[in-house]
Amino acid sequence: MASTLRFLSALLGSVVLQSVLAGAWPRTMAFVDLPLIVVLYYGITQGPGSALMGGLAAGLLQDVLQGTLLGLNALSKALVGYLVGMMGLRLALGPALPRVLVIAAAAVLSRAIEMGTLAIMGRRFAPLSLPFLLEAMLGTCIAGTLLIGAFRRQAPQ
Amino acid sequence: MTNFLRDRRLPILLLVVLASLFILMSVQVRRQEAGAPEGSLMRIASPAVRAVSAVSDSVAGAWSNYVDLRGARQRTASLEEQLTLLRLENQKLEEARMENSRLRTLLELRDALSVESVPANVVGSSTRGISRTLLVNRGTESGIRKNMPVVSAAGIVGRVWSVSPGLAKIQLITDSAAGTAVIVQRTRVQGILLGAGADLCTLEYIFRADDVSKEDLLVTSGLDGIYPKGLAVAEVGEVSGSGRLLRRITAVPRVDFNQLEEVLILRRTDIPVPDGLPNQADALGADPARPAPDQLPPR
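Protein sequences appear in the order of chains A and B. Just so we're aligned: the first sequence equals residues -17 to 139 in my numbering. Just so we're aligned: the second sequence equals residues 471 to 769 in my numbering.
Hints in this document: simulated from the structure, not taken from any laboratory. Glycine is no exception: its CB is placed at the ideal position from the N, C-alpha and C atoms. Misleading hints may appear alongside valid ones.
Unchecked claim - Which stretches of chain A does chain B cover? Using the computed rule of at least three CB atoms under 8 Å from a CB of chain B, they are: (1) -15 to -5; (2) 26 to 40; (3) 76 to 90; (4) 94 to 107.
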């Protein structure tokens, strides 16, 4: 129960922080996806089920708050969370290096899923440039490595 | 069948979630508006969204206020600094304006006098002690010579007492050793104006029968050989001694020596200045052979 509450609080907090910080530093926060980092953390530590549901909840909330197509963030985060959770079951993602690689891949994959979904839905969208994708990957990767490292130190063993 | 579903619970859940989301998005895209699914979700999420929104708004508002406050503090400090600089600038401009006004008056006087003159700034004064002198920033290099008259827009100031390169000492008409030949403008009665020390003069050699009243203007008569004729000098103050042969009359100089900043030195070339010999002015009460005014012993 306590862990579920912590999970929900972390999801809610990340969405709120993303929204607030994006208001204060829009350029910086365009490259960092805090809810995705929380979903990845739960994918690595709790498995694909938690990551799937967490990604769905966080994504829906983010869609409602950001005014994007409802389900877009939910789809990308649920799918990425599930995949990372599945990887966590088969691979050792505890060490720093594989974790960094997974976060980097997840950041790019998430954006790619969003663009792909919009393309499938026939919605017009500004295609993301390679530099932007690289910066987003780098931003989420740095923030994710730091935050997940901090979460793992704080989390009860 | 049950085991099959239990073993594939997560992939099935993923498929259900993805399918639901695709359907949700498809419905939105087709209707081009927030449809029933979004409305339902909005209704379900409404309390949480409102709470989140309230939190984010308050945090964003607090942050914005903090940033504004910091900016306001910096702006205030910057504006105060600018205000101080502008006040100083304003003072300088006001000073320049007043100086400009005084110099313009002096220039008009210079044009009116038809005598070659040199403007000079007062750089020092001794108007409180026994002597009444000023120091001006013009000297021999400007052609200044001893006994040249010194005037301001309000009237005559005095005469050059001593000159050195870059500096001249002016003996004021209120100096106790100074004398000026004057005439009462209204009645043309002549007299000698002697310095009385404390920013005052006395009008001497006025007989009981002479018509002199309070506030009569005294102008230079030109008889002392120093000051050109017709320049304002002083106004008659107290008139007493009506029972005596000679009247006792005080006169107040037109020039306020305590506020004097610029003067004109008239470069008269016709002033006789034989070294060691008294000239006409000295005969009237200002002896150049005497020690300088500030070297006189107290009375």
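Status of each hint after checking the structure:
Interface restraint, the stretch -15 to -5 of chain A with chain B: violated (1 residues with C-beta to C-beta distance below 8 Å; minimum three). Restraint check on the stretch 26 to 40 of chain A versus chain B: 4 residues with Cβ-Cβ distances below 8 Å, three needed, restraint holds. Remark: the stretch 76 to 90 of chain A is not confirmed as covered by chain B, as 0 of its residues place a Cβ nearer than 8 Å to a Cβ of that chain, below the required three. Counting residues of the stretch 94 to 107 of chain A whose beta carbon lies closer than 8 Å to any beta carbon of chain B gives 4, which reaches the threshold of three, so the coverage claim holds.
Comparing the model with each earlier hint shows violations of hints 1, 3; every other hint is respected.
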